[in-house]
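Number of protein chains: 2
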Amino acid sequence: MALYVYKFGGTSVGTVERIKAVAEKVKKSQDAGDQIVVVVSAMSGETNRLVGLAKEMQPQPTDRELDVLLSTGEQVTIALLSMALHNLGCEARSYTGAQVRILTDSAHTKARIREIDEANMRADLDAGRVVVVAGFQGVDEHGNITTLGRGGSDTTGVALAAALKADECHIYTDVDGVYTTDPRVVPKARRLDRITFEEMLEMASLGSKVLQIRSVEFAGKYNVKLRVLSSFMEGNGTLITYEESEMERALISGIAFNRDEAKLTLTGVPDLPGVASKILGPIAAENIEVDMIVQNISENGTTDFTFTVNRNDFTRAKNVLEGLRSELGGSTTLIGDNSIVKVSIVGVGMRSHAGIASTMFKTLADEGINIQMISTSEIKISVVVDEKYLELAVRSLHKAFGLDQD
Amino acid sequence: MALYVYKFGGTSVGTVERIKAVAEKVKKSQDAGDQIVVVVSAMSGETNRLVGLAKEMQPQPTDRELDVLLSTGEQVTIALLSMALHNLGCEARSYTGAQVRILTDSAHTKARIREIDEANMRADLDAGRVVVVAGFQGVDEHGNITTLGRGGSDTTGVALAAALKADECHIYTDVDGVYTTDPRVVPKARRLDRITFEEMLEMASLGSKVLQIRSVEFAGKYNVKLRVLSSFMEGNGTLITYEESEMERALISGIAFNRDEAKLTLTGVPDLPGVASKILGPIAAENIEVDMIVQNISENGTTDFTFTVNRNDFTRAKNVLEGLRSELGGSTTLIGDNSIVKVSIVGVGMRSHAGIASTMFKTLADEGINIQMISTSEIKISVVVDEKYLELAVRSLHKAFGLDQD
Chain G
1 MALYVYKFGG TSVGTVERIK AVAEKVKKSQ DAGDQIVVVV SAMSGETNRL
51 VGLAKEMQPQ PTDRELDVLL STGEQVTIAL LSMALHNLGC EARSYTGAQV
101 RILTDSAHTK ARIREIDEAN MRADLDAGRV VVVAGFQGVD EHGNITTLGR
151 GGSDTTGVAL AAALKADECH IYTDVDGVYT TDPRVVPKAR RLDRITFEEM
201 LEMASLGSKV LQIRSVEFAG KYNVKLRVLS SFMEGNGTLI TYEESEMERA
251 LISGIAFNRD EAKLTLTGVP DLPGVASKIL GPIAAENIEV DMIVQNISEN
301 GTTDFTFTVN RNDFTRAKNV LEGLRSELGG STTLIGDNSI VKVSIVGVGM
351 RSHAGIASTM FKTLADEGIN IQMISTSEIK ISVVVDEKYL ELAVRSLHKA
401 FGLDQD
Chain P
1 MALYVYKFGG TSVGTVERIK AVAEKVKKSQ DAGDQIVVVV SAMSGETNRL
51 VGLAKEMQPQ PTDRELDVLL STGEQVTIAL LSMALHNLGC EARSYTGAQV
101 RILTDSAHTK ARIREIDEAN MRADLDAGRV VVVAGFQGVD EHGNITTLGR
151 GGSDTTGVAL AAALKADECH IYTDVDGVYT TDPRVVPKAR RLDRITFEEM
201 LEMASLGSKV LQIRSVEFAG KYNVKLRVLS SFMEGNGTLI TYEESEMERA
251 LISGIAFNRD EAKLTLTGVP DLPGVASKIL GPIAAENIEV DMIVQNISEN
301 GTTDFTFTVN RNDFTRAKNV LEGLRSELGG STTLIGDNSI VKVSIVGVGM
351 RSHAGIASTM FKTLADEGIN IQMISTSEIK ISVVVDEKYL ELAVRSLHKA
401 FGLDQD
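For the record, the sequence lines run as chains G and P.
Throughout the first sequence, residue numbering follows the working numbering, covering 1 to 406 in sequence.
Throughout the second sequence, residue numbering follows the working numbering, covering 1 to 406 in sequence.
For reference, chain G alone in the conformation it holds in the complex:
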């Protein structure tokens, strides 16, 4: 008998029929002798509907009240799923975040979990019941309803798995696992049977979007085995592990990319201490997140400073820099480019193997793709290229690193 936490996102519970399909899947697992805790999101579309109502009331809705409002979305789903389970003759009991007692801090709309009381859930599991928990929500020490922010249901799933010492936490989604790259770009992309947490973190932050970064970090911290599976297809999905047990790891696990980037360069910036913070301080003050940062070596006492931001923030970032130019002095010029993309190769194997970077750069050069920026971490190498080369770059790298073969 194993204990599993299953998490189903908004698309997986988006209609009456889909909720019934989830109930069937859960019942099957229980019939097989396993103990099941199910975490569900709001039905797809519901959160947006509620946010729309909120904004009609107050252009910037009060955070506390927004949490009271949005938490109803998951509460509807837990009740409906429990009914669907009852209808199959499967004992089940629903829990809101407050009823479990998922204790969080009081940071409304982006609360952090502090503690989970597992007593009630454990009693239900021992009595043979399925436990159905509302994702995304908790309660602070004063009894206020809190929410965990975007992707919070994944975090709930992982946190419950950690608290209950579950054997695995299954994240059901609309893809059947983590792929070597996006199959829409590379038809030969393959589903990975397993991937390490670190690789997953890099894949997620690079736009693979299968899992929220925070839940992956959380899983790594508490040693929770995560598995990504499809709600709609059978299959074993991709297991996310924290050990690198296999002797023969592939060098590279996958090729990630991100189309939402834009690049800003200030040339001729006087190369003085503190110049980077002078540039990025006002950007941060505008709540614009910076991704890659590259500063070239100094020539003649001036330097070129380049960074990327989300494409949606491009215009705002440009305006901030325009305002900065006179302040920076020198003959500073501003160059912006919002038709770029970032392509990355990710793999824990590159830690112990030299020559990965040069293979990547040679592959791109052979295709005539100019590299505009380079940034590296221990297990990934990212390059910025013109967006027109995205597909070509991803496909050629996928082939060059042997990901086309099983």
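Source of the hints: derived by calculation from the structure; they are not laboratory data.
Watch out, some of these pointers could steer you wrong.
Which copy is meant is left open, because identical chains are indistinguishable; a pair holds if it fits in one copy or across any two.
[What the hints assert, rightly or not] Derived lysine-lysine pairs resembling DSS-like cross-links, with alpha carbons at most 27 Å apart:
id, residue 1, residue 2
1, K318, K225
2, K188, K25
3, K165, K25
4, K55, K25
5, K221, K110
6, K28, K165
7, K399, K362
8, K27, K55
9, K55, K20
10, K55, K28
Let chain G serve as the given structure and place chain P on it in line with the hints.
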């Protein structure tokens, strides 16, 4: 400075614009220096939508989960109203039933309030905040969400007013008070400035539908001054009092009527002890509610037994009685009539005045209206007549008892 509990039903908070109008009204009262607790229902249509979803999951939804589901309706409204108040610069804080701690028994879908913790609400009021509470819902001692059943938001309003010792509990609805009778039937019907609890109970149970009976009983028990007002019009509404302080009471306060009645008569029933329960026992076992009951005096050892039920239950009740006829013996015959109505005159004044009944019967006789059944209580007299006479009966009684004049 007075403390008021305002209760707004589903129609009064049915749209974004109406919720904003409620916020305006509440702010105005607060600006005038009063302390305000607002109780709200789910937006109109929402409860039916949720019940529809539930039934798609499970033909007979589990009560506990139905409460989890339905309670989201009011939770949405408290959040939205609080935002609307904030948008007007009015400090406000929302509370679910569980957050107030409205402690109920565990009878899901029809729970009874046991205890209300007023500490948190009091602290908010003292800090100058409007308190916004979800009607219709509570929590049992195990932390399960409960609901109070139909009209439960009225009960919440009255219970909070009792707990907080509020000066008045205002029930905002789509009518501007209690009328001497339905203005659609008698254009000269007048709004009553005040009415006693007992009269209100009789009016409500007779189909005036302004307030739920349970909340009126509750208000009487805890000495809460109830006032019925319109959400959409200015005005003082109707105050419902439990004292009869005025020397000069009108004899009759109003004419109530009910179109939803049907009549069943068993003739030639052997007049033996226990015959009434033999007839009504199987009716009750079918969950059919009986309203008026009349048994004529015995002739030749047999009697005629007549009672009324809701028109929707007519066929079911008839089938039950058909099955009973042979069991009762004698030459019992069954007569059913579902084209009847009940008309009642209500007034505490009739306690101390004779002749009210004969005025009523003479008025009807003068119009040629045959009375089929009569039933009386201390402060009302009800008659059953053919439904075609409804308007004529109500208008002539309204005039005969002087209700046409101010």
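These are the hints, each one checked on the structure:
Taking the shortest alpha-carbon separations for K318 and K225, neither the intra-copy value of 43 Å nor the inter-copy value of 63 Å comes in at or below 27 Å. Within a single copy, K188 and K25 get their C-alpha atoms no closer than 30 Å, and across copies no closer than 64 Å, so neither meets the 27 Å cut-off. When the C-alpha separation of K165 and K25 is checked against a cutoff of 27 Å, the pair qualifies only within one copy, where the shortest distance is 22 Å, while the shortest distance between copies is 52 Å. In this assembly of identical chains, K55 and K25 lie within 27 Å of each other by CA distance solely across copies; the values are 20 Å between and 37 Å within a copy.
Proximity of K221 to K110 under the C-alpha cut-off of 27 Å is restricted to the intra-copy arrangement: shortest distance 19 Å within a copy versus 45 Å between copies. In this assembly of identical chains, the alpha carbons of K28 and K165 lie at most 27 Å apart only when taken from the same copy (22 Å versus 54 Å across copies). Taking CA atoms no more than 27 Å apart as the test, K399 paired with K362 passes inside one copy only; the shortest distance there is 13 Å, against 101 Å between copies. For the identical chains of this complex, K27 and K55 are inter-copy neighbours only, at 20 Å across copies versus 39 Å inside a copy, given an alpha-carbon limit of 27 Å.
With identical chains, the CA atoms of K55 and K20 are at most 27 Å apart between copies only, with a shortest distance of 12 Å across copies and 32 Å within one. Proximity of K55 and K28 under a CA criterion of 27 Å is satisfied inter-copy only: 23 Å between copies versus 42 Å inside one chain copy.
Of the hints listed earlier, those the structure fails to meet are numbers 1, 2, in rising order.
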